[in-house]
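Protein chains in written order, with full-length UniProt numbering: chain A, 1 to 496; chain B, 1 to 502; chain C, 1 to 99.
Just so you know, these hints were derived from the structure itself, not from any lab.
In this text, a Cβ means the ideal position worked out from N, Cα and C, and glycines have one as well.
Hints may be right or wrong, so weigh each one.
What the hints assert, rightly or not - Stretch-level coverage of chain B by chain A, calculated; a stretch enters the list once three of its residues show a Cβ under 8 Å from a Cβ in chain A: (1) 91 to 97; (2) 269 to 279; (3) 301 to 313; (4) 414 to 420.
Unchecked claim - Chain B is nowhere near these chain C residues, computed Cβ spacing over 12 Å in every case: (5) H11; (6) S21; (7) E24; (8) L32; (9) A40; (10) S53; (11) P58; (12) D86.
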Amino acid sequence: MSLTRKSAAELAALMASGEVSAVEVTQAHLDRVAEVDPKINAFLHVDAEAALEQARAIDARRAAGEELGPLAGVPIAHKDVFTTIDMPTTAGSRILEGWRPPYDATVTRRLREAGLVILGKTNLDEFAMGSSTENSAYFPTRNPWDLSRVPGGSSGGSSAAVAGYVTPLSTGTDTGGSIRQPAAVTGIVGMKPTYGGSSRYGLIAFASSLDTPGPFARNVLDAALLHEAFSGHDPLDSTSIDAPVPPVVEAARHPDVAGLRVGVVKEFAGEGYQQGVLNRFHDSVELLESLGAKVVEVSCPSFTTALPAYYLIAPSECSSNLARFDAMRYGLRVGDDGTRSAEEVMALTRAAGFGPEVKRRIMLGTYALSSGYYDAYYGQAQKVRTLIARDFEAAFQQVDVLISPTTPTTAFPIGERADDPMAMYLADLCTIPANLAGNAAISVPCGLADEDGLPVGLQIMAPVLGDDRCYRVGAAVEKAFESRWNGPLLKEAPAL
Amino acid sequence: MTTTTTLMPYDEALERYEPVLGLETHVELGTASKMFCGCATTFGAAPNTQVCPVCLALPGALPVANEKAIESTIRIGLALNCSIASWCRFARKNYFYPDMPKNYQISQYDEPLCTDGYLDVEVDGTVVRVGIERVHLEEDTGKSTHVGGATGRIHGADYSIVDYNRAGIPLVEIVTKPIEGADRLAPEVARAYVTELRELMRALGVSDVRMEEGSLRCDVNVSLMPRGSSEWGTRTETKNVNSLRSVERAVRHEIERQAAILSEGGRIVQETRHFHEDTGTTTSGRSKEEAQDYRYFPEPDLVPIAPDPAWVAELKAALPELPSVRRKRLQQEWGVSDLDMQAMHNADAIDLVEATVAAGAPPADARKWWMGELARRANEAAVPLSDLRITPDQVARVCALVASGALNDKLARQVLEGVLEGEGTPDEVVASRGLQIVNDEGELSRIIDEVLAANADAADKVRGGKIAAVGALVGGVMKASRGKADAARARELILEKLGVSA
Amino acid sequence: MSAITRDEVAHLARLSRLALSDEELDHYATQLDVIIGSVARVSEVAAEDVPPSSHALPLTNVFRPDEVRPCLTPEQALSGAPAVEDQRFRVPRILGEEA
Numbered sequence: 001m002s003l004t005r006k007s008a009a010e011l012a013a014l015m016a017s018g019e020v021s022a023v024e025v026t027q028a029h030l031d032r033v034a035e036v037d038p039k040i041n042a043f044l045h046v047d048a049e050a051a052l053e054q055a056r057a058i059d060a061r062r063a064a065g066e067e068l069g070p071l072a073g074v075p076i077a078h079k080d081v082f083t084t085i086d087m088p089t090t091a092g093s094r095i096l097e098g099w100r101p102p103y104d105a106t107v108t109r110r111l112r113e114a115g116l117v118i119l120g121k122t123n124l125d126e127f128a129m130g131s132s133t134e135n136s137a138y139f140p141t142r143n144p145w146d147l148s149r150v151p152g153g154s155s156g157g158s159s160a161a162v163a164g165y166v167t168p169l170s171t172g173t174d175t176g177g178s179i180r181q182p183a184a185v186t187g188i189v190g191m192k193p194t195y196g197g198s199s200r201y202g203l204i205a206f207a208s209s210l211d212t213p214g215p216f217a218r219n220v221l222d223a224a225l226l227h228e229a230f231s232g233h234d235p236l237d238s239t240s241i242d243a244p245v246p247p248v249v250e251a252a253r254h255p256d257v258a259g260l261r262v263g264v265v266k267e268f269a270g271e272g273y274q275q276g277v278l279n280r281f282h283d284s285v286e287l288l289e290s291l292g293a294k295v296v297e298v299s300c301p302s303f304t305t306a307l308p309a310y311y312l313i314a315p316s317e318c319s320s321n322l323a324r325f326d327a328m329r330y331g332l333r334v335g336d337d338g339t340r341s342a343e344e345v346m347a348l349t350r351a352a353g354f355g356p357e358v359k360r361r362i363m364l365g366t367y368a369l370s371s372g373y374y375d376a377y378y379g380q381a382q383k384v385r386t387l388i389a390r391d392f393e394a395a396f397q398q399v400d401v402l403i404s405p406t407t408p409t410t411a412f413p414i415g416e417r418a419d420d421p422m423a424m425y426l427a428d429l430c431t432i433p434a435n436l437a438g439n440a441a442i443s444v445p446c447g448l449a450d451e452d453g454l455p456v457g458l459q460i461m462a463p464v465l466g467d468d469r470c471y472r473v474g475a476a477v478e479k480a481f482e483s484r485w486n487g488p489l490l491k492e493a494p495a496l
Numbered sequence: 001m002t003t004t005t006t007l008m009p010y011d012e013a014l015e016r017y018e019p020v021l022g023l024e025t026h027v028e029l030g031t032a033s034k035m036f037c038g039c040a041t042t043f044g045a046a047p048n049t050q051v052c053p054v055c056l057a058l059p060g061a062l063p064v065a066n067e068k069a070i071e072s073t074i075r076i077g078l079a080l081n082c083s084i085a086s087w088c089r090f091a092r093k094n095y096f097y098p099d100m101p102k103n104y105q106i107s108q109y110d111e112p113l114c115t116d117g118y119l120d121v122e123v124d125g126t127v128v129r130v131g132i133e134r135v136h137l138e139e140d141t142g143k144s145t146h147v148g149g150a151t152g153r154i155h156g157a158d159y160s161i162v163d164y165n166r167a168g169i170p171l172v173e174i175v176t177k178p179i180e181g182a183d184r185l186a187p188e189v190a191r192a193y194v195t196e197l198r199e200l201m202r203a204l205g206v207s208d209v210r211m212e213e214g215s216l217r218c219d220v221n222v223s224l225m226p227r228g229s230s231e232w233g234t235r236t237e238t239k240n241v242n243s244l245r246s247v248e249r250a251v252r253h254e255i256e257r258q259a260a261i262l263s264e265g266g267r268i269v270q271e272t273r274h275f276h277e278d279t280g281t282t283t284s285g286r287s288k289e290e291a292q293d294y295r296y297f298p299e300p301d302l303v304p305i306a307p308d309p310a311w312v313a314e315l316k317a318a319l320p321e322l323p324s325v326r327r328k329r330l331q332q333e334w335g336v337s338d339l340d341m342q343a344m345h346n347a348d349a350i351d352l353v354e355a356t357v358a359a360g361a362p363p364a365d366a367r368k369w370w371m372g373e374l375a376r377r378a379n380e381a382a383v384p385l386s387d388l389r390i391t392p393d394q395v396a397r398v399c400a401l402v403a404s405g406a407l408n409d410k411l412a413r414q415v416l417e418g419v420l421e422g423e424g425t426p427d428e429v430v431a432s433r434g435l436q437i438v439n440d441e442g443e444l445s446r447i448i449d450e451v452l453a454a455n456a457d458a459a460d461k462v463r464g465g466k467i468a469a470v471g472a473l474v475g476g477v478m479k480a481s482r483g484k485a486d487a488a489r490a491r492e493l494i495l496e497k498l499g500v501s502a
Numbered sequence: 001m002s003a004i005t006r007d008e009v010a011h012l013a014r015l016s017r018l019a020l021s022d023e024e025l026d027h028y029a030t031q032l033d034v035i036i037g038s039v040a041r042v043s044e045v046a047a048e049d050v051p052p053s054s055h056a057l058p059l060t061n062v063f064r065p066d067e068v069r070p071c072l073t074p075e076q077a078l079s080g081a082p083a084v085e086d087q088r089f090r091v092p093r094i095l096g097e098e099a
């Protein structure tokens with residue numbers, strides 16, 4: 001079996017036992033990049049030589065008898081929204097084209113410390129704003145299941161790279177669903193940790209109170225291993241939780257849901273949901289019951305206003321976060337002809353450097369925060385946020401986890417929703433509540449939709465710092481489905 | 001931009017209108033590191049050497065609040081008799097400006113750390129209570145230098161260059177409540193308030209409060225209401241008034257300017273104005289096309305501050321003696337008049353005198369030298385007293401030399417001069433300049449004999465009973481000894497030699 | 001909620017420092033109108049006595065000690081700058097407030 005078909009845990013074991021070297025593993029994946037990436041366009045930047053250099057260093061350390069972490073030598077693709085000192089960082093935007101950060105994000109630093117080999121930086125919707133990766137200023141990424149369809153977003157480069165067997169692991173960020181939704185529509189595992197469980201330092205901000213770094217992998221255990229590798233308290237991020245990382249790897253190794261109370265969110269079904277998605281969700285419910293879980297219906301009435309609240313809070317924060325892109329200290333500068341003022345140059349640069357979705361959200365956020373509108377929009381959205389957190393609290397009095405479809409539909413064709421922001425925003429309908437309340441949530445594959453044969457994701461939501469529950473239930477669902485399917489769902493994907 | 005401004009004489013303005021003041025003071029805290037990152041805050045460092053991803057607002061960087069700055073702000077609030085919030089947040093103040101890297105300032109908006117206090121200040125023997133509206137914490141901006149154009153000023157410049165060393169230094173903003181009833185003393189009250197505030201900061205040890213380096217900056221709001229009215233007029237805000245004297249002048253100027261406009265039936269425009277040190281006048285800031293909308297919202301990158309009441313109580317108990325209390329105590333200890341104490345206060349001499357006394361000098365002597373010879377020299381050099389190159393210990397040593405009879409006042413002045421000129425310690429200056437009172441009776445006697453011989457007329461007059469003529473002879477001895485003789489002893493000896501009893 | 005006008009969009013663009021063409025302004029006016037009309041649903045939620053949440057989690061008092069940490073070198077600090085002069089960031093002329 002080719003090295004690129006193996007999981008991160010398997011690769012790590014092969015390297016630990018000396019059967020293969022990190023260089024061999026890295027080379028195999030770089031070859032796969034060269035073969036497949038021209039079809040899916042997952043990467044914005046690949047540095048083969050730097051990756052091999054990292055791999056050589058790992059091999060040398062291992063040869064010297066050094067104790068290495070459980071993922072040492074495993075390749076990873078890194079979402080191009082984390083700063084990297086040795087690679088350009090663009091956030092998918094023209095305004096940062098060619099920018100080389102003088103510092104590493106905390107997540108980047110921890111990947112390096114864990115000995116992961118960074119293959120390159122993956123494509124994304126500009127500044128992580130979008131659900132399709134079509135908003136990248138550079139090019140759209142394609143879904144390995146169907147190259148005419150989107151891989152989800154904003155972390156679409158990362159989901160496509162993992163689903164396309166280009167890398168066993170990748171990083172993402174989830175602000176309204178940007179990990180779970182792409183994971184769902186590409187048939188892989190994607191986890192949004194508890195807000196504050198993974199550091200935002202060096203993550204180029206979209207919406208500060210929502211952004212959460214998290215892992216992508218082809219199976220639940222790999223995701224847990226990566227989660228553990230880069231999470232945990234960071235004194236450079238004031239919103240980072242000063243508590244141990246929940247025992248996620250332990251949980252992923254114990255796929256047991258007997259006696260577990262599972263709540264089905266009543267509000268996430270019905271109109272707007274693809275029938276095939278609902279069918280696979282019902283399969284999942286039955287599966288969990290068959291595994292001994294107690295499934296009950298739970299109502300979270302405020303979840304129906306999560307989407308509008310999100311589309312006020314996230315743009316408001318983004319309008320302020322993106323103000324720093326002003327052509328003064330770094331990045332693009334347009335129109336500086338010696339006569340124009342700084343103010344004019346800022347406005348020309350921002351108009352030229354930001355894409356339409358980013359501009360739309362900046363203006364929406366500026367509107368929601370302006371005097372006279374603040375109370376009705378931003379202020380009210382924050383109250384809704386409180387209500388959503390209360391709904392979660394009440395629900396977790398009754399159940400251990402909540403489940404729902406991850407997305408209302410499967411992957412949609414490239415271009416279909418590009419000019420219809422409202423249709424695009426619906427992709428995040430089910431994922432947003434966990435962002436607003438800071439909860440942990442995971443998406444695991446639960447089958448293919450009847451209509452289009454495309455993957456469907458099951459979302460499992462847990463309380464704040466209950467990340468391990470997501471992995472325990474996710475692993476149980478994965479194990480049961482894989483025995484039913486005789487292997488992972490991804491084996492159904494067409495060869496690339 | 002230059003238009004002639006009509007002013008109404010101050011007395012007339014005060015007859016017709018009553019001023020209402022408001023002062024917003026920014027104090028740069030003297031923390032070792034910046035407000036939200038670990039960069040150093042050293043003044044005068046080479047450009048862009050004290051910057052990092054956070055204070056340059058590089059993509060991805062995040063702020064973490066400096067605990068010492070929070071503590072200092074609470075201490076300032078407590079010293080100003082404020083209530084300390086039990087829970088409050090930072091807010092983002094959004095506006096674009098090249099010296100502000102994030103294009104928003106992390107500040108506090110509707111939830112300041114400290115609210116509702118007061119500071120008592122004394123003007124002409126009257127105590128005026130200045131209400132404090134709020135004390136909040138924010139961050140400073142970078143510094144722009146304007147290149148090209150005629151004046152090096154922002155207006156007409158070709159471009160600017162920006163140094164972000166100052167960006168992110170913690171800044172405390174102290175806002176007064178409207179100050180009413182100061183009446184004709186308004187300019188003095190404003191000055192006394194800023195002076196007192198500055199001393200308070202020093203006593204708390206939270207800032208070096210150097211106005212000339214911008215670590216204390218003041219915005220002055222002034223409005224007028226016609227006598228008999230109780231409705232406030234429109235106010236103007238004069239920005240960055242950067243010396244104590246300027247605070248007083250800016251208030252006076254605004255009163256005279258606004259009174260002239262109002263008396264002619266004009267209206268005051270609510271605007272920002274700029275103070276000009278050279279002329280003592282204010283001019284209008286560029287009027288904005290539209291009102292600022294700062295779009296404040298709670299800073300999501302920082303979590304709320306909820307000071308532990310026990311910690312606040314601890315900080316309160318540990319506050320140092322406040323400057324006004326200390327002045328009262330020292331005045332008693334030193335036994336000086338209100339007027340002398342005020343003079344020392346105005347000259348910023350109290351700390352120096354206190355330290356000199358602590359080094360062993362009698363209070364009267366310490367005060368005499370600092371407020372006399374040294375104040376004169378500081379004045380000549382146009383520097384603050386504390387910038388003179390002499391320490392309180394050295395002044396105390398000079399006092400001791402005078403007390404022991406080794407120096408007289410004239411010689412002591414020369415010693416001080418030597419120390420100020422960098423010639424060493426007082427003892428070194430005495431040695432190197434040879435400034436020792438001639439106590440050797442033989443030497444003195446020889447000088448007197450010479451002087452008597454050279455001034456036979458005067459000597460005869462004294463012999464003849466005109467004792468007053470001895471002054472000329474003593475002067476001659478002092479001259480011949482180049483000031484080193486003990487004048488009193490010389491007089492005694494002259495009279496003795498001339499056979500006259502005093 | 002009243003619909004958003006083109007003038008308002010132009011005002012928002014100015015506040016956001018976005019030099020938009022007339023066409024773009026028209027385009028965004030239409031789209032923002034739809035979006036704002038839709039998100040205005042939040043105001044229908046009765047939440048008079050509900051406290052707003054600015055943060056996902058109720059953390060408080062996260063501070064750092066007042067310790068100096070290494071800074072960037074000036075070369076690193078200025079490495080991404082579009083223009084540099086005299087170890088400073090060179091920026092176009094500033095329309096300041098100073099008279």
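Tested hints:
A count of 3 residues in the segment 91 to 97 of chain B with a Cβ less than 8 Å from any Cβ of chain A is obtained; the coverage claim is therefore met, three being the minimum. Given a C-beta distance limit of less than 8 Å, the hint that chain A covers the segment 269 to 279 of chain B is violated, as 0 residues qualify and 3 are needed. Coverage of the segment 301 to 313 of chain B by chain A holds. Counting CB-CB distances below 8 Å, 3 residues qualify, and the rule asks for three or more. Restraint check on the segment 414 to 420 of chain B versus chain A: 0 residues with Cβ-Cβ distances below 8 Å, three needed, restraint violated.
A Cβ of chain B approaches the Cβ of H11 of chain C within 12 Å, the least distance being about 8 Å, so the stated non-interface status is violated. Distance to chain B confirms S21 of chain C as a non-interface residue, since its nearest Cβ pair spans about 20 Å, more than 12 Å. The claim that E24 of chain C lies off the interface holds: its Cβ sits roughly 20 Å from the closest Cβ of chain B, which is beyond the 12 Å cut-off. With a least beta-carbon separation of about 16 Å from chain B, L32 of chain C lies farther than 12 Å from that chain, consistent with its non-interface assignment.
Against the 12 Å criterion, A40 of chain C stays outside the reach of chain B, whose nearest CB is about 19 Å from its own CB. With 12 Å as the threshold on Cβ separation, the claim that S53 of chain C sits away from chain B is violated: the shortest Cβ distance comes to roughly 10 Å. Remark: the non-interface label on P58 of chain C conflicts with the geometry, its nearest Cβ contact in chain B lying 8 Å away (cut-off 12 Å). Non-interface status of D86 of chain C relative to chain B is broken: a Cβ of that chain comes within 12 Å, the nearest being about 6 Å off.
In summary, the numbered hints that this structure violates are 2, 4, 5, 10, 11, 12.
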